[in-house]
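Hey, can you work out the whole structure from these sequences and the hints?
Single-letter residue listing:
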Amino acid sequence: ILNVEQSPQSLHVQEGDSTNFTCSFPSSNFYALHWYRWETAKSPEALFVMTLNGDEKKKGRISATLNTKEGYSYLYIKGSQPEDSATYLCAFYSGGGADGLTFGKGTHLIIQP
Amino acid sequence: DGGITQSPKYLFRKEGQNVTLSCEQNLNHDAMYWYRQDPGQGLRLIYYSQIVNDFQKGDIAEGYSVSREKKESFPLTVTSAQKNPTAFYLCASRDRGYSSPLHFGNGTRLTVT
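In order, the protein sequences belong to chains A and B. Just so we're aligned: 37 in the working numbering is position 37 of the first sequence, and the numbers increase by one with no gaps anywhere. Just so we're aligned: 69 in the working numbering is position 69 of the second sequence, and the numbers increase by one with no gaps anywhere.
Honestly, the hints are just simulated from the structure, not real lab data. Note that the Cβ used here is the ideal one computed from N, Cα and C, for glycine as well. One or more of the hints may lead you astray.
As the list claims (entries may be wrong) - Pulled from the structure, derived: some chain A residues nowhere near chain B, Cβ distances all over 12 Å: (1) Gly16; (2) Thr22; (3) Tyr72; (4) Tyr76; (5) Gln81; (6) Glu83.
To be verified - Listed next, the in silico DSS-like pairs over lysine-lysine satisfying Cα-Cα at most 27 Å (straight line): (7) B/Lys83 x A/Lys105; (8) A/Lys105 x B/Lys57; (9) A/Lys105 x A/Lys42; (10) A/Lys59 x A/Lys42; (11) B/Lys9 x A/Lys105; (12) A/Lys42 x B/Lys9; (13) B/Lys71 x A/Lys42; (14) A/Lys42 x A/Lys78; (15) A/Lys58 x A/Lys105.
In structure tokens:
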């Protein structure tokens, strides 16, 4: 079983502040890195799928970067708003014949007004 | 609107009984997945199916069974052999290919007493 680590486990941020968190994954056999946002009482929603080293993706105030050689991805949120409160999951796909993604435990983000 | 429907939302069963969780999608996706979430853990893959009449074990398949008789449907049976069946179960689907994101249902919370 592959090891995908997310840090920190939880994070409290003041509304308006910017924040970031990390996903670490094996640097070998890389195919793709997914980010999902999971709000309470809703289903997880895809934010980004990143496949190339050096990829940077942006959706509104949220952006992500990818370093496949060292095995990490950062997710950034600029000017946090209460609606950003959620658990952010990353998932690593290594191919190898298995079609499943290996998920990290998530970063639980709470935005304080 | 296209999406994934899981039912029921909450399910209660007595120990020793088999129970089947429903998952239906109208996204025309080939691949479907079952994940389990426990407190403090990442999503763990139970079974997945890339095409009708074919499915593969994930990381924690023991005590579970699935079928894929139709493209739209991927029911999960939690058998009495599953030692710790109480958990939150998520179904997902996606287009084939590692760069396609997962689309999730709203989940079923199973409690076995």
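So, going through the hints one by one against the coordinates:
Annotated as non-interface, A/Gly16 keeps its C-beta farther than 12 Å from every C-beta of chain B; the closest such distance is 29 Å. A cut-off of 12 Å between C-beta atoms confirms that A/Thr22 is not in contact with chain B; the least separation is 15 Å. At the 12 Å boundary, the C-beta of A/Tyr72 stays outside the reach of chain B, the nearest C-beta of that chain being 17 Å off. Listed as outside the interface, A/Tyr76 is consistent with that label: its C-beta sits roughly 19 Å from the nearest C-beta of chain B, beyond the 12 Å cut-off.
Once the 12 Å rule is applied to beta carbons, A/Gln81 is consistent with being away from chain B; the minimum gap is 23 Å. With a least beta-carbon separation of about 19 Å from chain B, A/Glu83 lies farther than 12 Å from that chain, consistent with its non-interface assignment. In summary, the hint linking B/Lys83 to A/Lys105 is supported, as the alpha carbons are separated by about 22 Å, within the 27 Å threshold. Proximity of A/Lys105 to B/Lys57 is assessed by CA-CA distance (about 21 Å); at most 27 Å being required, the pair is judged to hold.
A C-alpha spacing of about 17 Å is found between A/Lys105 and A/Lys42, which places the hinted pair at or below 27 Å, so the restraint holds. For the given pair, A/Lys59 sits about 19 Å from A/Lys42 by alpha-carbon distance, which is consistent with the 27 Å threshold. A C-alpha spacing of about 23 Å is found between B/Lys9 and A/Lys105, which places the hinted pair at or below 27 Å, so the restraint holds. A threshold of 27 Å between alpha carbons decides the hint, and for A/Lys42 with B/Lys9 the separation of about 12 Å falls inside it, so the pair holds.
For the suggested pair B/Lys71 and A/Lys42, the alpha carbons sit about 24 Å apart, so the restraint of at most 27 Å is met. Restraint check: the Cα-Cα separation between A/Lys42 and A/Lys78 comes to about 23 Å, which is no more than 27 Å; the hinted pair holds. About 23 Å separates the Cα atoms of A/Lys58 and A/Lys105, which keeps this hinted pair within 27 Å; it holds.
In this structure, every one of the numbered hints holds.
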